[in-house]
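FYI, the numbering for the sequence shown is 1 to 110, going by this note's numbering.
Source of the hints: derived by calculation from the structure; they are not laboratory data.
Warning: the hint list may mix true and false statements.
Derived Cβ-Cβ restraints for the label pairs, each shown as a range [claimed, not checked]:
hint, residue 1, residue 2, range
1, Pro67, Lys32, 42 to 52 Å
2, Thr8, Ala89, 39 to 49 Å
3, Glu11, Glu68, 40 to 50 Å
4, Leu17, Leu44, 16 to 26 Å
5, Phe71, Glu98, 40 to 50 Å
6, Leu58, Arg10, 32 to 42 Å
7, Ile70, Ile96, 10 to 20 Å
8, Lys32, Arg66, 48 to 58 Å
9, Phe99, Glu68, 21 to 31 Å
10, Leu50, Gly85, 34 to 44 Å
11, Ser49, Thr88, 48 to 58 Å
12, Ala102, Leu58, 50 to 60 Å
Glycine included, C-beta positions come from ideal geometry on N, C-alpha and C.
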Amino acid sequence: MTASFLITLREGLEASLIISIILAFLGRMGRKDQFRSIWLGTGLALLASLAAGGVIFLTVGALEGRPEEIFEGLAMFLAVVAAYGFTTAAMLVPAIYEFDVATGRTTIEE
């Protein structure tokens, strides 16, 4: 129980740090009009997380033994695939933009 609490606390602190960084960036860029969108997205993400947790608890929470291990393995695999996909996309976006500028498909706006 304590381990689960500490993991949840750490994840919550990480999320609040990311939101703080985004809000600070938008504030410095003079885009305070976007704060509402950030908070709306944060609230919707929190609701989606609670709903998904509830659904998983009610449907898969009763599994024991081999089925539980299979579900956990699939969940871990999907988490790795998602993390890899997001990381790859984050690395490719700047490269694609630079390629588009180099080939003349887009221009650099200042």
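Against the structure, the hints come out as follows:
no. : hint                       : in the structure
1   : Pro67 - Lys32: 42 to 52 Å  : holds, 50 Å
2   : Thr8 - Ala89: 39 to 49 Å   : violated, 27 Å
3   : Glu11 - Glu68: 40 to 50 Å  : violated, 22 Å
4   : Leu17 - Leu44: 16 to 26 Å  : holds, 19 Å
5   : Phe71 - Glu98: 40 to 50 Å  : holds, 42 Å
6   : Leu58 - Arg10: 32 to 42 Å  : violated, 25 Å
7   : Ile70 - Ile96: 10 to 20 Å  : violated, 38 Å
8   : Lys32 - Arg66: 48 to 58 Å  : holds, 53 Å
9   : Phe99 - Glu68: 21 to 31 Å  : violated, 46 Å
10  : Leu50 - Gly85: 34 to 44 Å  : violated, 24 Å
11  : Ser49 - Thr88: 48 to 58 Å  : violated, 24 Å
12  : Ala102 - Leu58: 50 to 60 Å : holds, 52 Å
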